[in-house]
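Let's have the full structure, built from the sequences with the hints guiding it.
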Amino acid sequence: MKAFTFERAKTASAAAAAAVRTPGAKFIAGGTNLLDLMKLQIETPQHLIDVNGLDLDTIAPTSDGGLRIGALVRNTDLAADARVRKDYGVLSRALVSGASGQLRNKATTAGNLLQRTRCAYFYDTTKPCNKRQPGSGCAAIGGFNRNLAVMGTSDACIATHPSDMAVAMRVLDATVETVNSAGQTRAIPIADFHRLPGTTPHIETGLAPGELITAVTLPKPIGGTHIYQKVRDRASYAFALVSVAAVVQPDGRGRLAFGGLAHKPWRVEAAEAQMPKGAKATAAAVLAGARTTSQNAFKLPLIERTIHAVLEEAKA
Amino acid sequence: MNSNDGFPVSRRGVIAGGVATATLTGTPVGAQVAAPQQTPPTTMPVTLKVNGRNTLIEVDTRTTLLDALRETMKLTGTKKGCDHGQCGACTVIVEGRRINSCLTLAVMHEGDSITTIEGLGTPEKLHAMQAAFVKHDGYQCGYCTPGQICSAVATLNEIKEGIPSHATGDIAAKPKVTTAELRERMSGNICRCGAYSNIIDAIHDVAGTERMA
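Each protein sequence line maps, in turn, to chains A and B.
Heads up, the first sequence is in our numbering, so the first residue is 1 and it goes up one at a time.
Heads up, the second sequence is in our numbering, so the first residue is 1 and it goes up one at a time.
Some hints could be false.
[What the hints assert, rightly or not] Derived pair list, reagent style DSBU-like, types lysine-lysine, alpha-carbon separation capped at 35 Å:
(1) K39/A / K49/B
(2) K10/A / K74/B
(3) K74/B / K39/A
(4) K74/B / K315/A
(5) K176/B / K49/B
(6) K26/A / K174/B
(7) K174/B / K2/A
(8) K174/B / K220/A
(9) K49/B / K315/A
(10) K86/A / K174/B
(11) K86/A / K2/A
[What the hints assert, rightly or not] Below, a sample of chain A positions facing chain B; criterion: calculated Cβ distance under 10 Å:
(12) M38
(13) L114
(14) E177
(15) G223
It is worth saying that the hints were derived from the structure and are not from the lab.
Where a beta carbon is used, it is the ideal one built from N, C-alpha and C, also for glycine.
Laid out in structure tokens, this is it:
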């Protein structure tokens, strides 16, 4: 790990100001992803701003009947919240399908959204990776890419976003709240929060330098049956090959979002009209424009089958 | 080796000394590489309440909680396996919750209460989970065992607190101590000897529940 200086932030806007002021600064909250990457020198911050002392660790109702989840709420506490389990079951389900008990106790709501891809070439500093080192090329496109993206990819990057939580946030139309160094706040719809790789896969979100996530808000509950179906190589503690977050209403209409498909949580609102017709029609609409590699084409039929499983479970 | 670190000459000391020697020998003379501009190493004081005792230590900011426990405080019961949060050998209980001590910095834990395997019980007075691991032979080589035991103790607390898991059928209901729940909740602790079955028996024993399937 490269050496760094360390400070504990007192307020969110002071943390944002420190991040702008200090060269090579990064925020640290749970640290479960950042420290892993620092040990491998994929991330080499010169200064860490510990935001754990900020008063951002509560879940509170919003005036329009939703929930405001503080940026520092741990994955365990979010999954265990009685309101989330009752009204946003897909979010609890997604959270407990990710990582391990130990990691969920540390990982935060904001940090989960900002975690980096687990593409093996991003982690391997002896290989080219446009995300790790812009302009160096992509070793994954012609390499071992069984687990990588099939939607929204570019010639520069086929990495996937690894989060389960973010997929549920996407199906629930969550909003990300931030503050910048001047103390100004803004609200970013989750649909616009993560970017596709394009020619700049190293830029993963629209956050400005120093901009700090303070909360994620959920709109008022939409009812329906909440399902998170994750398909992976082992039964627990593994990233998704594909995952489906679903909220299905009694008439068969609903919403679907997908993990393991793209550089961001994937959702095709227009495809949701096909849900009452079944998995085949829905998957065809979701996967229009898919670009597969020699190793990951299996994800297309796997998505159709997983949608089928989800729709059947919703009927049961 | 530091003579006032509280240990007489031991196998561990000899091994550590040996490694240091090998490292020095392996450094080519005059192999000074011009490094890019980097922050010089920085140390900070931090007070950790480890196993009920407040301890002030001065550590490089890069020091993980795991290395602070093992190298600075000489509490070597907590083990370093992968050092990347994948194996669970470093599991300790911080402020009542189990975490991977390799994936957190010591300086992030000012004033925190930390329980390691040494704080759960002693050879004379074992914690119930330690005794159950012995009774059920919940290990072979023993390297993952401190992490397994800390994780198991915290797992039963998490079920008691009503925290759901991937194995919980009705996500809104209170979870129960079932074999499926234990297997799922312990998946962050890897045992390369494959003592999983006996580990599950040990945890069931402490919980007073029966293995199912």
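Q | Contradicted hints - numbers only | A | Hints 4, 6, 7, 9, 11, 13, 14, 15 not satisfied by this model.
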